[in-house]
Structures are given as C-alpha cells and as structure tokens.
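Asks: Kindly generate the complete structure, drawing on both the sequences and the hints.
Top to bottom, those sequences are chains A and B. According to the numbering used here, the first sequence holds residues 1 to 112 in order. According to the numbering used here, the second sequence holds residues 1001 to 1115 in order.
Everything labelled a hint here was simulated from the structure, so no lab data went into it. Hints may contain errors.
One side only, chain B facing chain A, incomplete, derived with CB under 7 Å [unchecked claim]:
#1 SER1043
#2 LEU1074
#3 ILE1093
#4 GLU1103
#5 PHE1106
#6 GLY1107
#7 GLN1108
#8 GLY1109
#9 VAL1115
Simulated restraints on C-beta separations [said to hold, decoys possible]:
#10 SER52(A) x PRO1008(B): 36 to 46 Å
#11 ILE53(A) x GLU1087(B): 36 to 46 Å
#12 TYR39(A) x CYS1013(B): 23 to 33 Å
A few chain A residues that don't get close to chain B, going by computed Cβ distances all over 12 Å [what the hints assert, rightly or not]:
#13 ILE20
#14 SER49
#15 LYS68
The beta carbon of each residue, even a glycine, is placed where N, CA and C say it ideally should be.
Read off the chains here:
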Amino acid sequence: DQQVKQNSPSLSVQEGRISILNCDYTNSMFDYFLWYKKYPAEGPTFLISISSIKDKNEDGRFTVFLNKSAKHLSLHIVPSQPGDSAVYFCAASEPTGNQFYFGTGTSLTVIP
Amino acid sequence: GAVVSQHPSRVICKSGTSVKIECRSLDFQATTMFWYRQFPKQSLMLMATSNEGSKATYEQGVEKDKFLINHASLTLSTLTVTSAHPEDSSFYICSARRVSNTEAFFGQGTRLTVV
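Replies: Set out below in structure tokens:
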C-alpha cells in the first residue's frame, strides 16, 4: 500500500518558469517531509524538508508547501533551470519512526 | 554536509555467487542505516533497517537469509546478496540519519547485474 504518492510521473517546464511538483500522503501520523533529487544511477540528494508544525519552508529557489488537512505537499522551483532536470522524490516519516516512505517520483525536464 | 559512501558502484556477478555491498558514514556515527532497492521507473523500496550491534529489521517480503545485513560498527553496514539470481538485478541504495527527524544522507547506490 503506497502511503506516499506522486501522481504525475513526468513534468516538462520551460527554463525560467516555475516547476510545481506535487505529493499526497495517506498516513496522518507523518510529521516530517522531505524532497530528494535523483539523477540516473546515483543516490538521491536531499533538497529541502518541512516539519508538520510549518506550512512553508524556503531555501533559495526551492520552496516546499505543506497542507496537512489535505495531506498534500508541493515543491516549487523558481526559476527552473536545465540543471534541475532529474527525478524528484517526496518522502515522509512518522515521529517515532526511522524509516522514510517514498513516493514513486516525478521526472522533471526543464527545456532550455 | 554529511557523506555516506557506498561501494561498489557497479558489480556484475554470475548466478549463484554472493555479492557484498558496503555503506559507510564518513563523518558521523550512524546507529541506524537503511537499505533500499529501486526497480526501473519505480520508487525506492525499503528492504531493511540495519541496527548497530543487533539484528537487522526486515520489511515484509524481504528474505533475510538472502539479503544478509551486518552493522558491525557505527560507521559501516554491509548488505550481502547471497546466491544471486538474475531477478536480484537492481539498484541498491543505503542511507543513514544522525538522529530522527533530520534528513537522511544517501550513498551513491550500487547497480547489481546478475548474469
């Protein structure tokens, strides 16, 4: 049973525009959320995180929004750059758990 | 940032042989490490949680006798794929966290091909 879902397998965006990647979860116990970026044949790289006490966290071009009532989070990349082209995974964990539950990933292509 | 090193990055082995993959936390002590497996175009699936000094905790459906995990020290966990078969071919990734509710750091991953 997939507790974290990314319903868009792929997304294409023009360079300079905003990229919005979405993630939904079903477990209301999740209280910590992360976004990872992954290139082929490499391990994921941490991008940004947010805890459930916040609804927004910003780091440079990356902003994560959390809507707890909707069990939804999103990653905004502004402005998008060709180097942002990769697969993005969202992940979530429970307060007492060590493990992360990953979404299936969204492949972002930023077109120059 | 913290670094997790995974070795080897690629390995090809014959069916029936065993392969060992190492995961090291280079600049912090990790009492817990995690092993994931990724099939093409699919998500990272947690295989097991590796606990220093004790037995690993395996996820449902993961054969503990086939995927042997040893967490011998606070900086090293190993995954051994025993009697490998072609269906074990996959991308294996380890990760480690300093404490709960912080980001996890991932190794570079190991592409295993069993021929």
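Asks: Hints first: check each against the structure and report whether it holds.
Replies: Going down the list of hints, with the structure as the test:
Taking 7 Å as the C-beta contact cut-off toward chain A, the hint placing SER1043(B) at the interface holds, the least distance being around 4 Å. Taken as an interface hint, LEU1074(B) does not check out: its beta carbon lies about 15 Å from the nearest beta carbon of chain A, beyond 7 Å. Annotation: ILE1093(B) was flagged as interfacial toward chain A, and the flag holds, the nearest CB pair being 5 Å apart, inside 7 Å. At about 4 Å, the closest approach between the beta carbon of GLU1103(B) and any beta carbon in chain A falls short of 7 Å, and the interface hint on this residue holds.
Against a cut-off of 7 Å between C-beta atoms, the interface hint on PHE1106(B) holds, since the closest Cβ of chain A lies about 4 Å away. Of the supplied interface hints, the one on GLY1107(B) holds, with its beta-carbon coming within about 5 Å of a beta-carbon of chain A, less than 7 Å. Because the closest C-beta pair between GLN1108(B) and chain A is about 5 Å apart, less than 7 Å, the hint holds. Checking GLY1109(B) against chain A: minimum C-beta separation of about 5 Å stays under 7 Å; hint holds.
The interface hint given for VAL1115(B) is broken, as the beta carbon of that residue sits about 18 Å from the closest beta carbon of chain A, more than 7 Å. At about 38 Å, the beta-carbon gap between SER52(A) and PRO1008(B) stays in the expected band of 36 to 46 Å. One distance hint, 36 to 46 Å for the beta-carbon pair ILE53(A) and GLU1087(B), holds here, with the actual separation near 43 Å. Checked against the hint of 23 to 33 Å, the pair TYR39(A) and CYS1013(B) passes, with Cβ atoms roughly 25 Å apart.
No Cβ of chain B comes within 12 Å of the Cβ of ILE20(A); the nearest lies about 20 Å off, and the non-interface call holds. The claim that SER49(A) lies off the interface is violated: its Cβ sits roughly 6 Å from the closest Cβ of chain B, which falls inside the 12 Å cut-off. Consistency note on LYS68(A): stated as away from chain B, and its beta-carbon is indeed over 12 Å from all of that chain's, at 16 Å minimum.
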